[in-house]
Every structure is written in C-alpha cells, then in structure tokens.
Amino acid sequence: MLKAEADAAPLVDQTHISEMEKRGVKFNRTDVVFTARDATGQVVWLEKGNKAAGLVHLKTRGHLKQLSKYLGVSESEIPRTLRNIIRDGRVVSDRTVKRGGGVGYERKYEYSGKRIILAGIGTNGYLVTAYPDD
Amino acid sequence: MKQVKLMLDYLQGPIWTSDVETGRPKTGIPSVDNDEQLRKLNKKISELYSSYYEFDSHGQACWFDEKQEKADKGKMLGLLGKLNARLAELNDGSFEVKDLETPRVEAL
Numbered sequence: 001m002l003k004a005e006a007d008a009a010p011l012v013d014q015t016h017i018s019e020m021e022k023r024g025v026k027f028n029r030t031d032v033v034f035t036a037r038d039a040t041g042q043v044v045w046l047e048k049g050n051k052a053a054g055l056v057h058l059k060t061r062g063h064l065k066q067l068s069k070y071l072g073v074s075e076s077e078i079p080r081t082l083r084n085i086i087r088d089g090r091v092v093s094d095r096t097v098k099r100g101g102g103v104g105y106e107r108k109y110e111y112s113g114k115r116i117i118l119a120g121i122g123t124n125g126y127l128v129t130a131y132p133d134d
Numbered sequence: 001m002k003q004v005k006l007m008l009d010y011l012q013g014p015i016w017t018s019d020v021e022t023g024r025p026k027t028g029i030p031s032v033d034n035d036e037q038l039r040k041l042n043k044k045i046s047e048l049y050s051s052y053y054e055f056d057s058h059g060q061a062c063w064f065d066e067k068q069e070k071a072d073k074g075k076m077l078g079l080l081g082k083l084n085a086r087l088a089e090l091n092d093g094s095f096e097v098k099d100l101e102t103p104r105v106e107a108l
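Those protein sequence lines, which keep their order, are chains A and B. In terms of my numbering, the first sequence opens at residue 1 and continues consecutively. In terms of my numbering, the second sequence opens at residue 1 and continues consecutively.
Bound-form chain A, shown alone (with noise of 0.2 Å):
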C-alpha cells in the first residue's frame, strides 16, 4: 500500500476491534477514535476518553495544542497523525513501569526520522496520553 493510501485509510481497523472483542477487552466500539497495530505488535487504541484518559484528556491537559505545534498539523489531524505515528513509527524504547497494584507501558515512537511521541498505554492497548518528547 502506497504511504498516502496508507494514511487516508480508516482510523479504526475492524479487524483490530474483533481481536479486541476476543481477548475480551472491555471498550465502548462508538467511542473508539482509532486503532493502530505498534511496531511491538500490540493493537493500541484512543477512545473519547474523560478528563483523565483518551481524546478529551488530551484537549483537556494541554497535550492537544502541543502535539498540533510539535507536529505542524490542526488539532483536528492529531487522531490521524498519532494513528500513522503508532502504526508507522520506531519504537525506540517501550519501558513496564510498574504503578500500585498494576503495570503500564511507557513508549516512545519515532516517526520520520525525527517525530518523538511519548505514550502511556495501559496493559490492554488502551492509549491513556500522548505528549511530545521535547
């Protein structure tokens, strides 16, 4: 698939959901922003997410506006162009950091050579925040 293809394609890829819905992951299908298979193998997803975890998370904290500034692209094209980062991207680290009683991953994804986004991502692939390292 051509690279253009390949980012105008669907932000959610139906059969990511169906691996989901069969490893039993709990997740609401309409709020699903995009899906995205990393470089480690793992389907990450957004959803609309609150105050604490997904899209509105990153409006609400800020993480929005810089990632639109570090990116050079609207807010609006941020779901597409983290998609394509996840999908696309190096992971150049993918830290377990252990916090209370569970694990989270702690990654980091170069995407054209220069494009470093940190993502913290719960155990079932669930996209909680993203922000640039800068």
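The set of hints was computed from the structure by calculation and includes no laboratory data. Take every hint as true, because none was put in to throw you off.
Pulled a few chain B residues facing chain A out of the computed Cβ check, cut under 7 Å:
id	residue
1	D9
2	S50
3	G59
Far from chain B, some chain A residues (derived; all Cβ distances over 12 Å):
id	residue
4	R37
5	T40
6	G41
7	L71
8	S74
9	K114
Taking CB as the label site, the calculated pair distances span:
id	chain 1	residue 1	chain 2	residue 2	range
10	B	G93	A	R95	33 to 39 Å
11	B	K2	A	D94	26 to 32 Å
12	A	D88	B	K2	33 to 39 Å
13	B	G74	A	V92	38 to 44 Å
14	B	G74	A	S112	43 to 49 Å
15	A	E75	B	A107	23 to 29 Å
16	A	V103	B	K40	16 to 22 Å
17	B	K2	A	P10	42 to 48 Å
18	B	K73	A	K59	23 to 29 Å
19	B	A107	A	K59	15 to 21 Å
20	A	D88	B	K44	34 to 40 Å
21	A	L11	B	K44	37 to 43 Å
The beta-carbon is built from N, C-alpha and C at its ideal position, and this holds for glycine as well.
Given the coordinates of chain A, assemble chain B onto it according to the supplied hints.
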C-alpha cells in the same frame, strides 16, 4: 528564565517531564535533576496518582478512581507542598515553578 512545570499524567510527572521508572526529573536544570530528595518525592507522587488508573475494570477499558483521588486529597496536597518547598530551597533564581497540580487537587 527556565521553567519547571508541575503536571500529573498517567506514569508521568509531576515534574514535567521525568524518568518514569526512577522519578528523576528531566528539566535540564542540574540542581533539580540531580537532587535525590526531589527524585524520591517526585516518584512517590507519580506512583500515588497513577495508582488511580485501572484497565478492564468497572466495565471500562480505562477507569480512573476519582473517589480515591478525592480521599487522598490531603495526602497529595501534603506531598505537593513538600515538592514545592524543596524546589524553592534549590532555586537560585534561575528558574520559576509553574504548578498546575496544586490548584487542580485543591479543587477536588
């Protein structure tokens, strides 16, 4: 003037940004980044905040325990107070602190 931003996020903060495993600040200000007392406090606060996140819990992919965060309000404010106090001790006038967390927690 350099700025030290205090902001909490899943696995990250409050000193923005920090090493998520060790809690060591990554502000680029040597006196802040190399202070052991600050690192420990920073990690403790991050651990407390991130402990409110649960996955595949309460029927949701990601659930945030707002009730516990409110219950811990005094504890969190105490820790943020200590963090701010230590930053003030270390500050030789070369940086300013932008604390986004204390007002947010106070409003809980």
